[in-house]
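Participant: Using the hints, put the two chains back together into the complex; each one sits in its own frame.
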Amino acid sequence: MKFRKFLNDPKKFGITYGIVLLLCTTLVLLDTFVIPKALTAAGTTSSSTSSSSDSDSDSSSDTTTASSSTSGSPKVTITTKRINDTTVYIADIQLTDISQLKTAFAQGTYGRNIKETTSETAADNNAIFAINGDYYGFRNSGYVIRNGKLYRDVSSGNTDLAIMSDGTFKFFDESETRAQEILNYGALQVFSFGPVLVEDGEVSVGENAEVSQSMGSNPRTAIGVISPLHYIMVVSDGRTSESAGLTLYQLAQVMQEEGCTEAYNLDGGGSSTMYYDGKVVNNPTSGHGISEREVSDIVCICN
Amino acid sequence: MTLSAFVIKAIKTNYGRQTRAFLIASAVALVFSIIYNQNSHGVYSSFMTLLCLWPLAGAAYSFVWGKISGFQNKFSNNLVCAGFATLTMGSMLRGIVEIAGTTSGYIIYFFIVGMVMIIGGIVSSMLSAAQKFSC
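Sequence order for the protein chains is A and B.
The opening position of the first sequence corresponds to residue 554 in my numbering, with each subsequent residue numbered one higher.
The opening position of the second sequence corresponds to residue 5 in my numbering, with each subsequent residue numbered one higher.
Just chain B, same shape as in the assembly (with noise of 0.2 Å):
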């Protein structure tokens, strides 16, 4: 099978529509960041920059969380998906207060809340898995 055919088989997926979705999501904050960082007179910031990677390692975990049998779990899937958002608004956050040149204590938090929840949708899904093999 060539990588496009596989490509192509994981998109038809539900898990597909998601990695869809993700890759969407991708391009909107790549958009976003350029049209950000085109208007901040010369100010930049990583955060900002490189944006779009949160829903792009999105698109990458439904792609692959997707061919693996017996792991999709709707609860972990949703904290993972919920986690990657989390963790692009935070992103996004840290973009906007650094180019600004100021600083916020509370957006630590997005990424605390949005690693956890990623490492937690995970593991349930692998604790849920090990539930089923089990049996």
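The shape of chain A in the complex, shown without the other chains (with noise of 0.2 Å):
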């Protein structure tokens, strides 16, 4: 009889049932976004192979701000240049080994919402060199191979780049193709983003291409190969007055120039950072500033 009461009021119903929907709101913002949650791989370790290294040569009329090498180790030169009001972070990457490009999870932990500033991580795993990766930890879906190792094996309907065990990229179509079957072809890294930039030398996105629902210029990340051994990776500031950003085609066009064969777009905005040397190289924007905003994982160089 109290309960029908209840049901009938207007007020006292009313009150209730917007304290529980605030309540379920919440708790949902809380679970996307803030609550860490280690999660378990899902699969198998690959068995990978290194592959002999190769020496190609690069020349930049800009400004190359950094460069590194010694005997056997990688070979780091960045240069930024200014692209359509933008100030772009062109790192050229040669290494010796397969085994020299590496990814890191944010605090080691494979995981959702679990994250650290590319620095952080970076500096957590010796590199000398990073960029941020794909952002994987803050969705649910889109294959997770890291370090020839599967941890998700979702389908997100993306196409997802391989770094394969000989240096190449290829690329995989996540509806056409299980993780496991990418990972016995000899996948070390897997990445779930996109789009593709350039594949087999050409520029393959539209001039209004974007990601999802995202429109305009922003700042970018993005990985290319010229040869295997040999990376282009690529952070573009924006969404600050000094700095526009970029747009998919432009990007694209940029890792085209510099020789890529193939090129892919990774986890951009607020996300971009480049690291080096123990320093951030550009400017990343977090929302709050020029700051680092904290993300799932990296894609590092390491000795």
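I should point out that these hints are in silico values taken from the structure, not numbers from a laboratory.
No residue lacks a Cβ here, since even glycine has one placed at the ideal position from N, Cα and C.
Keep in mind that the hints are not guaranteed to be accurate.
From the structure, some residues in chain B lie toward chain A, with a derived Cβ separation under 7 Å [as the list claims (entries may be wrong)]:
1) Gly-46
2) Lys-78
3) Asn-82
4) Val-101
5) Thr-107
6) Ser-108
7) Phe-115
Facilitator: As structure tokens, this is what we get:
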């Protein structure tokens, strides 16, 4: 009888339901953005093989801000360019072994909402160079294969980038290929973001292409290959008065001009960060001015 | 009777007050979505852009339902209003996660619960009206 009275009372029912609804909304927001959850890996580890090095050369008329190389260690050359009212940081990376190209999880843990800045994760892993990854931990789907281990095999329908054990790049459609198959082909790293920027040396995005519902110019992060063990990693500034940011098409053009035969777009916006020799190279925007956003994973170069 | 007089008459009733509350909620949702979209760095979500449509639908329901005599039922009305509120919150959450570029498996339940409440409320109101007419 009391319950029936309660159901018929607009004030009591309205206030109670309003509180319940607000609590549910808060819980969903906390679960999506805040509560860290360590997850278990979905599958197996591949048996990786290393390939021999190559020695492509690169020259640029723009500012070379940093360069390093010792015998047997990776050679990293960072060049800063102004393209479309945007500062673009281009890292030319030559490895002697594919094992020098690694990925790392924030706090060393695979999971959702487990975050750390790119520079912190890079420092934790003694990386000499790093860029942000695909922010896998912000989504529940999309393949995750890192350092030859399968962590997530839930398809998102994306076209993935696989860095193979011979140093080449291959693209896989998640709706056509299972994660375990990609691992069996010899993938060491798989990123689920995109889109593919350059394929077989040709720009593969249209002038109006965008990530999801995103529009206009943004800070960007991309990774490309010139030849096995010779890579280009690009981060552009954006969302600042000094730098407008790049469109995906402009980013693809940069990758193509740098000589990439294959290139792939990684997580951009506030996540875009380049780290080198203990310092952040670019001007990341986290929503609170120029500061690093915490992300769930990085791509790094280690000795 | 002119359309404006018709609207004023409806607003003067209890359902009219409810219509007015939904219209205010719709305006608040519109302002919220505009501000959110302006600060989303060019990322848009149709769920956020069209957020004000759920309370506007609630206003339309209140306006029409209030005019149909015999269908007014407090319990059913509470259920329908709560349904529109749930759909509005679900739409806002979907907009927020879409703009952030992530997903949540729980948001679908807001839409399911909201729709069930609205349909349940309307059906219950009709059943109650049918009972009244048969007596």
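Participant: Quick check: which numbered hints come out false for this structure?
Facilitator: Going through the list in order, the structure violates hint 7 alone and respects the others.
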